Amino acid sequence: MKDKAKAVLTAYTAIIIFIFYLPLILVVILSFKAGAKISFPIDKFDLYWYFGEPGKIGTSGFASGIFHDPYIARVARDSILLGVVNGAIVMPLVLSAALAFRHRFAGRDLIFYLLLMGFVIPAVILGLGANLFYKAIGIKEYSLWTVLPLHIVYTLPFGLIITMARFDPMMVEYENAARTLGASAWNVFKKITFPLIRTEAISVFFFAFTLSFSELLRAAFVVGGIGTLSTYIYNQMSVTAPTPKWFAMGSVTTAISLIILLSLAYIMSRGQRRAI
Amino acid sequence: MPRSPAELIAKYSKYILVLPPLIFFILFLLMPTIIMLLLSFNTGEATVFNPSQVTIKNFIDVLGRPMVYKIMRDTFGMSLLSALVALGIAYPIAYLLAFKVENPTVQSMVLFGLLVPYWVDWSIRSISWLSILGEEGLVNYILMGLGIIKAPLKELLFTRLTLVIIWVQTNLLFMIFPIYLSMMKIDPDLLNVAKTLGASPRKAFYNVTFKLSLPGVIIGVIFVFVSTLGDYVTPALWAGGLQMLGLTIQNYAWAFRWPLAATYSVIMLAITVVLLYILLKIANIKQVFYE
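Protein chains in written order, with the working numbering: chain B, 69 to 344; chain F, 490 to 780.
In case anyone wonders, no lab produced these hints; they're calculated from the structure. These numbers were taken from a predicted model, which means no experiment stands behind them. Even glycine gets a Cβ: it sits at the ideal position worked out from N, Cα and C. Hints are all accurate, no fakes.
Computed list of lysine to any residue pairs in SDA-like fashion (alpha-carbon distance at most 20 Å, straight line): (1) F:Lys503 x B:Leu264; (2) B:Lys74 x F:Ser689; (3) F:Lys674 x F:Glu591.
Which chain B residues face chain F? A few, computed with CB under 8 Å, are given here: (4) Phe88; (5) Gly186; (6) Leu196; (7) Phe201; (8) Ile220; (9) Val221; (10) Ile229; (11) Met232; (12) Ala233; (13) Leu285; (14) Ile301; (15) Trp314.
Simulated restraints, written as ranges between beta carbons of each label pair: (16) B:Phe113 x F:Lys770: 50 to 58 Å; (17) F:Asp676 x B:Gly250: 29 to 37 Å; (18) B:Ile328 x F:Gly730: 34 to 42 Å; (19) B:Pro237 x F:Gly553: 51 to 59 Å; (20) F:Ile515 x B:Pro138: 35 to 43 Å; (21) F:Ala744 x B:Tyr139: 25 to 33 Å; (22) B:Ser211 x F:Lys589: 47 to 55 Å; (23) B:Ile205 x F:Pro593: 41 to 49 Å.
Take the sequences, apply the hints, and build the full model.
See below:
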């Protein structure tokens with residue numbers, strides 16, 4: 069009886085996760101499709117949208133494969149850089165706030181709700197607000213880095229709730245015990261607190277990177293230059309019909325993200341083993 | 490009375506720790522919102538607030554248009570509907586992960602796996618719906634191949650249903666995660682106690698599992714609700730000309746009518762805050778995070 073319920077739930081979850089993955093799966097499959105239309109059936113597969121025509125290096129952006137498009141390499145690199153920097157800033161901010169929220173203090177609820185608002189405020193409003201804020205303080209030139217504060221505000225709350233919900237409730241007791249035994253504040257953090265929150269730190273980085281990397285709605289209001297990957301493609305979409313080229317791009321960035329994040333996870337977990 | 494430096498640091502550490510994120514959010518969340526609020530009382534193509542030209546003309550104009558009320562109903566209605574559909578779909582998945590999967594490694598791998606589809610860039614993911622629901626998309630291709638339909642279905646794209654499908658698919662992660670987190674906080678002993686005391690499985694589920702997971706449910710509903718509210722691209726691409734508040738704001742901003750864009754934003758934010766307040770009355774979400 070019980071196992072039957074679990075089997076039904078598992079089958080259901082597998083179907084939903086398949087649908088959840090469907091856009092990604094189609095992006096990868098259709099990126100190898102010959103021809104300019106993103107449609108079924110697929111008559112022929114080739115690598116045109118990756119490498120362009122053999123022997124002919126494209127100079128115009130649209131016709132060539134992504135590896136010969138100078139803009140694409142730049143926006144992809146910029147987006148990954150933005151995601152990594154965002155993760156590196158959000159992680160300590162989240163840990164800092166989450167550690168503080170374990171204690172009672174005046175205004176705790178208010179500050180907690182303010183931080184949550186970063187995710188809860190509708191994207192279009194956060195984007196517009198930041199745009200007007202920059203105008204008001206006299207910033208006229210937008211760049212990749214004018215997007216960064218918005219992405220920090222947007223990605224911090226999600227990291228915060230994952231971290232706080234998973235904190236070990238005994239952590240404060242361990243810290244107090246160490247302090248009573250004469251450990252310095254720094255030693256308490258290094259020897260007790262940090263090892264207990266290391267996993268949370270890693271997940272916060274992953275989430276912050278992922279949410280920043282694929283963000284369009286907020287960035288579109290304050291990005292400068294040729295933009296992030298998302299804003300660049302969004303702008304291209306309004307002037308040309310979609311081709312499998314964008315799908316080739318999605319496949320490559322997913323592969324790159326996967327490699328970066330898995331190697332980071334590997335490095336961090338090795339560090340963890342050494343610490344214990 | 491703390492005396493040593495270590496005790497002083499321990500006493501004030503919570504303030505020191507909360508200060509960096511607080512300052513950042515005052516600067517980059519609170520200030521922009523206030524600036525936007527101020528600018529909504531100017532008119533024309535003003536970009537910086539001018540105190541000598543304060544007027545409530547924008548609000549009178551906007552709230553005087555009958556169209557605006559239809560847009561508001563569509564916007565908040567579609568977002569709330571998407572949040573509820575996502576809740577129905579996500580709840581069993583969170584339940585399976587939290588209660589039926591014992592191995593924590595499997596749990597983390599499934600949760601990590603839910604992140605992977607987001608590494609396809611937002612814009613590309615948005616285009617990919619053409620290849621799924623379009624006239625020459627996968628769904629029509631399969632249905633025609635199976636002989637279920639003769640001609641491709643055109644209603645798969647550019648309808649309200651399309652919008653709900655895409656919004657639910659895009660935001661499922663933000664629903665599964667909070668529910669899963671609040672379920673992980675439920676003491677399994679409580680369920681055993683309920684059963685020992687003679688509660689039927691259905692009653693035990695409702696009175697223990699569901700009620701204690703309610704904070705996560707509310708957070709998930711809020712997350713999906715606001716994520717869809719702020720989305721001005723999906724409605725423009727796939728909803729077949731359905732006018733939405735987010736889209737209206739973006740159109741005015743792109744046309745340099747900043748004060749009017751700000752006015753619509755202020756109205757949208759005010760309604761959102763009221764709805765959030767009502768949702769937060771249903772469950773105490775803080776209990777998931779701190780005592």
